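Chain residues, written in single-letter form:
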Amino acid sequence: MKEVVNKILLILTFCITIFFSVMFIVTKKETFSYEENRYLSNFELGNIESYINDHFPFRSILISLKNKFEVSIGKTLINDVYIGKEGYLIPTFTNSNNKDLIIDTINNFSLNKNVDVMIIPDSILINEDKLYYHLPVSEESEINYLYSKLKNTNNIDVVNSLKLENDKNNNMYFKSDHHWTTYGAFIAYQEYLKNKDIKSVLQDDFNIVTVSKNFKGTSSSKILGFSLEENIDLFLNDNSLTVEYVYEKQTTSSLYNLEYLNKKDKYSLFLDNNHALIKVSNNSINSNNSIVLIKNSYANSFVPFIVNNYKYTYIIDLRYYGNSVSEFINSNNINDVLILYNLNNLYSDMSIIKLK
Amino acid sequence: MGFNSLTFLIFFLPIFLAVFFLTPKKYRRLIILIGSILFYFNSGLFNGILIILISFANYLLSIFITKDSKYKNILFFLTIILNISILCFFKYNGSLLLPLGISFYIFNNISYIVDVKIKKILPEKNLLNYLTYSMLFCHVTMGPITSYESINNNLNNLNPELNNIYSGFMRFLNGLIKKVLIADNLGLLYNAIMNSAHPSSPLYLLGLITFALQLYLDFSSYSDMAIGLGKMLGINYPENFDHPYLAESITDFWRRWHITLSNFFKQYVYFPMGGSKVSKWRHVFNLLVVWLLTGMWHGNTLNFLIWGLYYFIIITIEKYFLLERMKKLPSFFRHLYVIVILLFGYIFFSIKDFDDIINFIKILFSFDISNTNFIFYLKENLILLLAAILLCLRIPNKLTKLLENNKVFSIINIIIHILLFILVIAYIVSGSYSPFLYNSF
Chain C
0 MKEVVNKILL ILTFCITIFF SVMFIVTKKE TFSYEENRYL SNFELGNIES
50 YINDHFPFRS ILISLKNKFE VSIGKTLIND VYIGKEGYLI PTFTNSNNKD
100 LIIDTINNFS LNKNVDVMII PDSILINEDK LYYHLPVSEE SEINYLYSKL
150 KNTNNIDVVN SLKLENDKNN NMYFKSDHHW TTYGAFIAYQ EYLKNKDIKS
200 VLQDDFNIVT VSKNFKGTSS SKILGFSLEE NIDLFLNDNS LTVEYVYEKQ
250 TTSSLYNLEY LNKKDKYSLF LDNNHALIKV SNNSINSNNS IVLIKNSYAN
300 SFVPFIVNNY KYTYIIDLRY YGNSVSEFIN SNNINDVLIL YNLNNLYSDM
350 SIIKLK
Chain H
0 MGFNSLTFLI FFLPIFLAVF FLTPKKYRRL IILIGSILFY FNSGLFNGIL
50 IILISFANYL LSIFITKDSK YKNILFFLTI ILNISILCFF KYNGSLLLPL
100 GISFYIFNNI SYIVDVKIKK ILPEKNLLNY LTYSMLFCHV TMGPITSYES
150 INNNLNNLNP ELNNIYSGFM RFLNGLIKKV LIADNLGLLY NAIMNSAHPS
200 SPLYLLGLIT FALQLYLDFS SYSDMAIGLG KMLGINYPEN FDHPYLAESI
250 TDFWRRWHIT LSNFFKQYVY FPMGGSKVSK WRHVFNLLVV WLLTGMWHGN
300 TLNFLIWGLY YFIIITIEKY FLLERMKKLP SFFRHLYVIV ILLFGYIFFS
350 IKDFDDIINF IKILFSFDIS NTNFIFYLKE NLILLLAAIL LCLRIPNKLT
400 KLLENNKVFS IINIIIHILL FILVIAYIVS GSYSPFLYNS F
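One line per chain: the protein sequences are C and H, in this order. In case it helps, numbering that gives the first Met the number 0 puts the first sequence at residues 0 to 355. In case it helps, numbering that gives the first Met the number 0 puts the second sequence at residues 0 to 440.
Hints in this document: simulated from the structure, not taken from any laboratory. Small disclaimer: the values here were computed from a predicted structure and weren't measured. Keep in mind that the hints are not guaranteed to be accurate.
[As the list claims (entries may be wrong)] Below 25 Å or equal to it, Euclidean Cα-Cα: the simulated DSS-like pairs (lysine-lysine) are:
(1) Lys67/C to Lys378/H
(2) Lys6/C to Lys406/H
(3) Lys378/H to Lys1/C
[Said to hold, decoys possible] Quick partial rundown of chain H residues pointing at chain C, CB under 10 Å, derived from the structure:
(4) Leu8
(5) Ser195
(6) Phe311
Ideal Cβ positions, reconstructed from N, Cα and C, are used throughout, including at glycine.
Isolated chain C, as found in the complex (with noise of 0.2 Å):
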């Protein structure tokens, strides 16, 4: 019986490889994963390795299935990314060793100028009621103590508001992205008017409109086989804006790149994704005030808002521009500094040290 039982093994996963590997010579060859967002590897002969992972037959299907796999075996915490409770894709939160460089680099810059923080908690803290059992969440202690550090700024708390918001619709995070929803960049944005001193405004100002009905953001692609799909609403008035990719030197008239609509990465129909340098000029605002946005992505969705109270608005990313931000301030005559990034990213990236 022994011997049966091993030769029908080696029959079968014969099959199976042989299927796998037929497969595999067969089928085309993508260069770019929808479902994992990412580019898939060529073929190099060092490289082999990754080429036939990333080209592998029913890839996303085997990713699936390894996934669905864990969960079943009791895992919650999978590819760095929890998965909660109502569809909830929430990914951890890294801590940073390099919090001193951080604190150092903008109490450095702000030296002398008038600028605001905002660091915008994660999911994870806001949404930590939609998480099973898992690692204690330290970002609010985080987000204190680097407000408590940086002592040349005007640090604006938004935890509470996104937290207060959160309990009535939970709609402040997207549940399968990174990211926050603009209802969670508008509070934001209300956090931002009420403590710069400038008269609120209502959700009923805007005209809120549904672009997608089916996005499915950075954590479904971190764990396929789970995600739901999501709306991104936006936010519209009838300002008339001028936006201007100043490096690129293209202008358009709209913040949304609604291409985007009909890609993966729909989040980054928003401002079309990141660039070193935008300038927002409102057309119905007559002042000639100005304010410097230093960012990383979750301003994008804040973007929208921030315009309607400065007649320019330029938005730095230090991902890509090399340029002293203090030099551009001086040279532009700017009112208001906002330095706006999520915790996680402002650990991870680490581009802020170049803010200079």
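Put chain H on the given structure of chain C with help from the hints.
For chain H alone, coordinates are given in the frame of chain C:
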């Protein structure tokens, strides 16, 4: 191209096996050589040329060593020194990438030279035959370390019986499953624990247990795959492990762990120095030499030397004092003693930096359990850890033996293995591929 890579599993192995079995018996040795060259050169041109040069040098020198001349003893020592120097050069020169399997194939070459010198075997006249032994893809990367005599006898008659092909394949498949589904996931858990921002005593204890399980399952799964492959081709490899964590003393453990390496040191270092049949102090000295060498073989950092010394001390104490007295202890306490000694020893084995070792020990013995992170890791990985522990015991083998003639069990067995095989592919495709731990030794 490790045994657990898609390149090997989906392309190399099926093609190689098909060609091998379709080739008449007398040419199969050549097929193995060609397969081994393809397999090995995949790790890099330099590596490939190096192993061929080293093998060629040993092949030539072995012939000169047996020629009657007054220089033959000097030549023998020079050959040994040459081999060791090459190994040390690559191992202790931190800036170079370690050529694949060099720690293992150099030992094979040394064993061949010594066996020729002591006239256990005649020098091989056919270079290709010697090259096949030296480069054989089943054992070139991570052993088992074998004698030329046994492998060459097999290579002369590559005609495996059908049931050996089947059972060899099962051994390979089970090894693969063990490596990809268990050992690699233990590795992820271990890394998560070691990188935890909030370490605590129980967390580090869990880390040590995880490492112990990973190291054994990783290396023994590789050995299963190598032995299984060999069996399919008609090559009989010696066993490398015998349930080491069931040992009842540390001396016993080292008879069950990486057996072919222990045998190598015994046969080529310990016994020639007189072994235990010498004065007490000389015996202790012999043990010291063997354990320092064992430590140095595993790595070029100080921690491995400490690790070697640690086992030297424990083995010496056991031999002269403890072993006799332990016999009276209930077996539970003997097991507990072994586990505690092993876990503590793994601190020096798994952490390279000295400050990190001190820090780890401080936290481990702080008995601070205010942080409950370990419960999360335990909960997430409970089934994994239980499966890993089960695989260290004799139960799985006993159970399979008991039920192997049961029809229902056989069908379930087939289904489970096929599902696990597909899952293995899913895991590798998901990018969880990681090389075997002993690749770096």
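How the hints compare with the structure:
For the hint linking Lys67/C to Lys378/H, the alpha-carbon distance of about 17 Å falls within 25 Å, and the restraint holds. Distance check on the hinted pair: Lys6/C and Lys406/H sit about 15 Å apart at the alpha-carbon level, within 25 Å; holds. For the given pair, Lys378/H sits about 36 Å from Lys1/C by alpha-carbon distance, which is inconsistent with the 25 Å threshold. Proximity of Leu8/H to chain C holds as hinted, the smallest CB-CB distance being about 7 Å (cut-off 10 Å).
Below 10 Å, beta-carbon pairs count as interface contacts, and Ser195/H has one with chain C at about 8 Å; its hint therefore holds. Checking Phe311/H against chain C by beta carbon gives a least distance of about 37 Å; that is not within 10 Å, so the hint is violated.
Against the hints set out earlier in the document, violations occur for numbers 3 and 6.
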